[in-house]
Structure formats: C-alpha cells, structure tokens
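The opening position of the sequence shown corresponds to residue 0 in my numbering, with each subsequent residue numbered one higher.
Worth flagging that the hints you see were computed from the coordinates, not collected in a lab. One thing to keep in mind: the hints can contain errors.
Restricting the straight-line Cα-Cα distance to at most 20 Å, the calculated cross-link-like pairs of lysine to any residue (SDA-like) are [what the hints assert, rightly or not]:
1) K355 with R404
2) K182 with T252
3) K338 with D258
4) K504 with D518
5) K272 with T252
6) K138 with A166
7) K285 with K195
8) K285 with F70
9) K441 with M410
10) K138 with K214
11) K233 with Y210
12) K441 with K504
13) K292 with L211
14) K272 with Y235
15) K272 with Q241
16) K214 with N190
17) K300 with Q236
18) K300 with Q335
19) K233 with P248
20) K195 with R382
21) K338 with Q399
22) K195 with S69
23) K240 with N190
24) K195 with D71
25) K476 with R510
26) K182 with E61
27) K338 with V256
28) K441 with E522
29) K138 with Q172
30) K466 with I376
31) K272 with A226
32) K292 with P248
33) K300 with T340
Label-pair distances were calculated between CB atoms; the ranges are [claimed, not checked]:
34) P227 with D42: 46 to 56 Å
35) A232 with A171: 17 to 27 Å
36) G508 with P397: 47 to 57 Å
37) T53 with A232: 23 to 33 Å
38) G508 with R359: 31 to 41 Å
39) D449 with G508: 33 to 43 Å
40) L617 with A479: 48 to 58 Å
No residue lacks a Cβ here, since even glycine has one placed at the ideal position from N, Cα and C.
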Amino acid sequence: MTAPTAQTYEFRAEIQQLLHILIHALYTDREIFLRELISNASDALNRLRFEQLTNAEVIDPEAELAIRVSFDPEARTLTVTDTGIGMNRDEIIENLGTIAHSGAMAFMKAMQERGGQSPNEIIGQFGVGFYSVFMVAEKVEVLSRSFRPHDQAVLWTSQGGTDYTVAPAERAQRGTQITLYIKEDAAELLNEHTLKRIITTHSNYIPFPIYLGDKVVNAQTALWRRAPREVEAKEYQEFFKQLTFDANPPTLTIHQVADAPVQFYALLFVPAKLDRGILVGEGQGKLRLYARKVLIQDHAKELLPEWMRFVEGVIDSEDLPLNISRETVQSNRLMQRLKQTITSRVLSELETLAEKTPERYLTFWNEFGRLMKEGAITDAANRERLLPLLRFRTLRHPDQLISLRQYLSEMVAEQEHIYYLFGDDPQSILRSPHLDVFRARKVDVLLLTDTLDSFLVNAIGVFEGKKLHNGADADLKLPAGAEEETPTAEALPAEAQETLVERFKRVLGERVQDVRITDLLRENPVRLVAPDQGFGADMERVYRLIDKEFKLPTRILEINPRHPLIRNLSAMPDDPLAEQVIEQLFEGALLVEGIHPRPVDMLPRLIAIMEAATRRNLASG
Numbered sequence: 000m001t002a003p004t005a006q007t008y009e010f011r012a013e014i015q016q017l018l019h020i021l022i023h024a025l026y027t028d029r030e031i032f033l034r035e036l037i038s039n040a041s042d043a044l045n046r047l048r049f050e051q052l053t054n055a056e057v058i059d060p061e062a063e064l065a066i067r068v069s070f071d072p073e074a075r076t077l078t079v080t081d082t083g084i085g086m087n088r089d090e091i092i093e094n095l096g097t098i099a100h101s102g103a104m105a106f107m108k109a110m111q112e113r114g115g116q117s118p119n120e121i122i123g124q125f126g127v128g129f130y131s132v133f134m135v136a137e138k139v140e141v142l143s144r145s146f147r148p149h150d151q152a153v154l155w156t157s158q159g160g161t162d163y164t165v166a167p168a169e170r171a172q173r174g175t176q177i178t179l180y181i182k183e184d185a186a187e188l189l190n191e192h193t194l195k196r197i198i199t200t201h202s203n204y205i206p207f208p209i210y211l212g213d214k215v216v217n218a219q220t221a222l223w224r225r226a227p228r229e230v231e232a233k234e235y236q237e238f239f240k241q242l243t244f245d246a247n248p249p250t251l252t253i254h255q256v257a258d259a260p261v262q263f264y265a266l267l268f269v270p271a272k273l274d275r276g277i278l279v280g281e282g283q284g285k286l287r288l289y290a291r292k293v294l295i296q297d298h299a300k301e302l303l304p305e306w307m308r309f310v311e312g313v314i315d316s317e318d319l320p321l322n323i324s325r326e327t328v329q330s331n332r333l334m335q336r337l338k339q340t341i342t343s344r345v346l347s348e349l350e351t352l353a354e355k356t357p358e359r360y361l362t363f364w365n366e367f368g369r370l371m372k373e374g375a376i377t378d379a380a381n382r383e384r385l386l387p388l389l390r391f392r393t394l395r396h397p398d399q400l401i402s403l404r405q406y407l408s409e410m411v412a413e414q415e416h417i418y419y420l421f422g423d424d425p426q427s428i429l430r431s432p433h434l435d436v437f438r439a440r441k442v443d444v445l446l447l448t449d450t451l452d453s454f455l456v457n458a459i460g461v462f463e464g465k466k467l468h469n470g471a472d473a474d475l476k477l478p479a480g481a482e483e484e485t486p487t488a489e490a491l492p493a494e495a496q497e498t499l500v501e502r503f504k505r506v507l508g509e510r511v512q513d514v515r516i517t518d519l520l521r522e523n524p525v526r527l528v529a530p531d532q533g534f535g536a537d538m539e540r541v542y543r544l545i546d547k548e549f550k551l552p553t554r555i556l557e558i559n560p561r562h563p564l565i566r567n568l569s570a571m572p573d574d575p576l577a578e579q580v581i582e583q584l585f586e587g588a589l590l591v592e593g594i595h596p597r598p599v600d601m602l603p604r605l606i607a608i609m610e611a612a613t614r615r616n617l618a619s620g
C-alpha cells in the first residue's frame, strides 16, 4: 500500500547490523522464526485479555482469542494472524522500527562470544525475535489495528534493508497480521506437515488455540493445570525449553497443585546452570504469574525470596481476583500465603534431593551454593531449614563437601564449638599455622574462602547447640576431650622465652598489639591472632575488599617455643641477622593471613637473609 501519507524511516545502526547477521549468516534451524512470531502473538493476546479486565472499550470484544497460521505455496507467502492488543502507528514504529529498548546490541555481543554459533536457543531472550523472520523472508508486511476504537490501522513494510515504510491501512478486525514473502531457499517450509511439526515442537503449550487452516494443532491446555501424574518427563522438558530457551534439562522439576491455604497451580524448574551467559544473567530466573489463566505479571519477583531468583516457571492461582492490578499484587495477602507455600515446597524438594541423591545435590550446590548462602544470611524466616543444606570443605575433607550435620557427627569428645578459618582458597588455609593444634588433636575445621562466608558465620551464630568459633581467635577454646601426643621437642627455658618475647616486641613495635608464647603451635614458628573476635574480626576480609585505604590491623603475635627456628633465634642475642629474621617471620605471618599490604617488599630482606646464610656457610666450610 502506498498512500500519500506513507513515510519511509531508516533503521537504527544496530538494527541494520542485526538484520545483516540474520539475513546473510544464519541458515541452520531457521524455523525458529515461527516460534518467535507465535510467542509475540501470544503476548499480544495476553495483554488484550488483561486489558479487557478493566476496559470495556475494546474493538471486537467477543472475538476469539486465537492465533491463525496460513500459507500459499504458489505465492510463497506465510501469514500469522492474532486477535490480540494490536498496534497503532506510534507503537508499530516503536516496536518494529527503532526498538531502542531492544537487546539488539546485547544479542550481537552474545553472538560474538559464541563464536558465530547458531542463535536458535537465545534469540528470543533479547527482544529481537521478530527480526528472525528475515532469515526466511525477502519481504515482510505487518498489518495491525489497535484495540482502541479510534485508532487507525497501520501497515509496516520492510525488505530487511536499511529502511522500512509505515502507511495508514484498512483493517476491520482488532489485532495483527504478519505476512512473510518467503525466500526461494526456504520454500520447503510452506507445507502443512512441516508447519504443524514446528508448531507442536516449539509452541505446543501456548495457552491460546493455534489454527493451521481450520484445525487447532497445539495442546493449548496449560501443562501446569494438568494432574502431575498425567504429565510425562519429556513434556516437562519440552515445556522448560519453550519457557527458557535453555537446551539443558533442568536439575529439578516441581509440579504442585494445591487447594489450601491458597488454591494454585505451579510448575517450577531449577535450571542446570547458574550462569547461562548474558542471555538470562547469573541466577536470574523468571516466574510468570497468572490469575485464572490471565497473565498478571511476566516477572513476579515477589513470589519467592530474592535468593531463590534462579527458579523459573509458572504460577496460576484461582484465588487472586481478576481485577488485581500489577502494582498492588505484591501487597496482596493471598500473595504472601502463596509465597510462603511455594518457598516451602522448593525447600522441601531441595531437602529431598540432598537426602536421597546427594551426588545430584552437590552438582546443584556447585552451581547455586552462593545463592543458598545468601538465603541463610538474609532470609531469617527460612534460615533454620537452609542451614542443613549448606556445604563446606573442611580440614578432614579438603576435597569433599560436607554438611554441618556431618561435621557434628564427627566431632571429638567434649567438643562444644564448630571451628572455622578464613582464607583465599582451601590450599592456602591448609598451610595456615592455626591448623597445627587442630591437626594434633584431630579436630575438624571449616575452610571458608567465599566473601559471603564472613557474613554467613555471623548469621548462623549457633547450629544445633554448637557455637561457631574462629580458629584464629586469640582466646581459642579447645575441647577438653581431644587428645594428642606429647610434643617431643623441648621448649625454651622460661627466662629465654621472656628475653625473646621482649626482643620481638622491640623489633616490631606498634605493628603488633602484643607478643606472647603459645602452646598451640606444632609445625610453625609463629602465628598472628586477632585480639577481638566477633563480627569485626570476621568481617576484615570484606572491609579489605571495599576499602582501598584499609588500615592494617594490629594483632597478637604468638611464638612457638619448641620450634627450631625460634630456639636458634634465642641463641643469637646480638646478631643483626636475628632482627631481619624476626621481621621476616612477622611479614610471613601477615602473608599467611592474607593481610600483607605489599608482599613484594619482603623480597630485599629475603635476599639479604639468604646472602648472610650462604656467607656463613662458606665461612664455616
């Protein structure tokens, strides 16, 4: 149609780039274009149904909410029509022309990161799904009329080049009709068998009838409204793929139909991976909320706690009023009950997974463990149920992940605390001098390496009667029932100990709060302990990350009077080398604790100590 008021517009630069990719580079599984058109039509029908709840001024209020697919092999055309909300001139330009709000740039970035792989599983995630039509069409016409009685119909036309045309049109019915002029090399799409297969594969559970000719070809009945015993595993997997465009089978599928305390249907999934690239974002699931089959919210964040944001799925309630607004839905009491019920069910499924299939649970934990920790920190209402689901590496199990309950079951006699240590990674903690006494007494220790762990230990506080206790605490309380062999090395005499302590204090000055002898070290000569435990000390690692000018804390240096190096220092009362060794011991302890401000400063002293040691060795030889 070329009316006098027709206008030609130029696509934005990123849309031109996108079209170039779709037209010239992508030829595998081009049938996804139909999935995208049907998905858009379903969205338009949902929006219309929601509009009708509060607005009676709608064109064709009795028209069936449906999608129709037709084709003409001779004319090489394929048409997809819906009776949805439709578009006026401004809306069609916004949605199909400029789409400044689209993910075109994000899509192209994803394509680059995927090395040019097929985008079939991801294109719909970026709001650019409509443009997949140019993979099969040499020309596209979009004829649309808005639901508003006074809006004029409009025709949008493009051949996938640098521009498109918008013109006034005539259309009696509400909704949108998209006509594709199919390329020669895609003509095999224009037959009933192929189109039916594409529709049932990709769009079988669209909640509106999809007509191919005169027949409805999709299942249409919402999968979540069927009895769980009637649904096969393959159907769940197909629905998950349609819902998320994630080709990996989900880790968990939760299908729940409940009558009390709230009547609802829920079909939820926990995906296999936390990070599915920039397509979805890390741990960003999406819950769709329906009220009596009407889509109320496309992303109902308030249906689950924030830390459960990895859960995908659909929730449909008969109890929510049809006239509830999207703005007030979160304050509705029924929503709060719904949230409690669904959260409890997800937790129950995770508990069952951990108990009956621990290996599968560990796979889940490796992907979503940080979000579980976040829940234990922030979700006080569910913390008691979350704590047994946490997993940790420990001194006894450095290459495994165990629960707090397993830790309790392996405690030594009279152990009253759950001990933990912080570090950058498990191997670093395993070299910590703080572990000397725990190894000697066969007491297990949690190895904490995540930044969240600093918050976590303070949130937990006590687990099943056992208080969490930092193994680097200056006031370390060890179980009386833990036995160890008597150390074979002889300790320095008391007088020599006092002299050496004073020397350490003189050399280190205000860099330490105190220097003292300890009987808790075995294999290491010294260690640094925090004088004030509790929230402040446990949060030091977090403070260092967020404060670039973090002030080095002063700690207590403890000395092992049985260690050969300490005994040698005691025998070097006037030797200048001894002071360098004391400095090196202190800075080495800072390095072990992960709080040395500039480790490279240790290098000149290390070289000087090695020079002195080799010089003396040559002199003695």
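Going through the hints against the structure:
Straight-line distance between C-alpha atoms of K355 and R404 comes to about 16 Å, which keeps the hinted pair within the 20 Å bound. Distance check on the hinted pair: K182 and T252 sit about 40 Å apart at the alpha-carbon level, beyond 20 Å; violated. A threshold of 20 Å between alpha carbons decides the hint, and for K338 with D258 the separation of about 14 Å falls inside it, so the pair holds. Distance restraint check for K504 and D518: the Cα-Cα separation of roughly 19 Å lies within the 20 Å cut-off, and the hinted pair is therefore satisfied.
With a C-alpha separation of about 14 Å, the suggested pairing of K272 with T252 holds against the 20 Å cut-off. Between K138 and A166 the alpha-carbon distance is near 16 Å, which keeps this suggested pair within the 20 Å criterion. For the given pair, K285 sits about 28 Å from K195 by alpha-carbon distance, which is inconsistent with the 20 Å threshold. Straight-line distance between C-alpha atoms of K285 and F70 comes to about 34 Å, which puts the hinted pair past the 20 Å bound.
With a C-alpha separation of about 9 Å, the suggested pairing of K441 with M410 holds against the 20 Å cut-off. Restraint check for K138 and K214: the C-alpha separation of about 27 Å exceeds 20 Å, so the hint is violated. At roughly 24 Å between alpha-carbon atoms, K233 and Y210 are farther apart than 20 Å, so this suggested pair is violated. The suggested pairing of K441 with K504 is violated, with an alpha-carbon distance near 33 Å, which exceeds 20 Å.
Straight-line distance between C-alpha atoms of K292 and L211 comes to about 23 Å, which puts the hinted pair past the 20 Å bound. Distance restraint check for K272 and Y235: the Cα-Cα separation of roughly 17 Å lies within the 20 Å cut-off, and the hinted pair is therefore satisfied. At most 20 Å may separate the alpha-carbon atoms for a hinted pair to count; K272 and Q241 meet this at roughly 17 Å. Restraint check for K214 and N190: the C-alpha separation of about 14 Å stays at or below 20 Å, so the hint holds.
Pair hint K300 plus Q236 does not hold up; C-alpha atoms about 23 Å apart against a cutoff of 20 Å. The hinted pair formed by K300 and Q335 meets the criterion: a straight-line CA distance of about 12 Å does not exceed 20 Å. A distance of roughly 10 Å separates the Cα atoms of K233 and P248; the hinted pair therefore holds under the 20 Å criterion. Using a Cα cut-off of 20 Å, the hinted pair K195 and R382 is violated, with the two alpha carbons roughly 49 Å apart.
Taken as a hint, the K338 and Q399 pair is broken in the structure, with Cα atoms around 34 Å apart against an allowance of 20 Å. The suggested pairing of K195 with S69 holds, with an alpha-carbon distance near 11 Å, which does not exceed 20 Å. Proposed proximity of K240 and N190 is contradicted: the alpha carbons are some 25 Å apart, above 20 Å. Simply put, K195 and D71 have alpha-carbon atoms about 15 Å apart, close enough for the 20 Å limit, and the pair holds.
Taken as a hint, the K476 and R510 pair is broken in the structure, with Cα atoms around 26 Å apart against an allowance of 20 Å. The suggested pairing of K182 with E61 is violated, with an alpha-carbon distance near 37 Å, which exceeds 20 Å. With a CA separation close to 14 Å, the supplied pair K338 and V256 stays within the 20 Å bound. For the proposed pair K441 and E522, the alpha carbon gap of about 15 Å is at most 20 Å, so the pair holds.
At most 20 Å may separate the alpha-carbon atoms for a hinted pair to count; K138 and Q172 exceed this at roughly 23 Å. For the suggested pair K466 and I376, the alpha carbons sit about 16 Å apart, so the restraint of at most 20 Å is met. For the hint linking K272 to A226, the alpha-carbon distance of about 28 Å lies beyond 20 Å, and the restraint is violated. Between K292 and P248 the CA atoms are separated by roughly 26 Å; this puts the pair beyond 20 Å, and the hint is violated.
At roughly 15 Å between alpha-carbon atoms, K300 and T340 fall within 20 Å of each other, so this suggested pair holds. For P227 and D42, the hinted distance range of 46 to 56 Å is not satisfied, since their beta carbons lie about 27 Å from each other. The supplied range of 17 to 27 Å is broken by A232 and A171, whose beta-carbon atoms lie about 46 Å from each other. Between G508 and P397 the Cβ separation comes to about 37 Å, which falls outside the hinted range of 47 to 57 Å.
The hinted window of 23 to 33 Å between T53 and A232 is violated, with their beta carbons roughly 40 Å apart. Restraint check, G508 to R359: a C-beta distance of roughly 56 Å breaks the suggested window 31 to 41 Å. In this structure the hint that D449 and G508 lie 33 to 43 Å apart at CB holds, the actual value being about 35 Å. About 51 Å separates the C-beta atoms of L617 and A479, a value consistent with the hinted range of 48 to 58 Å.
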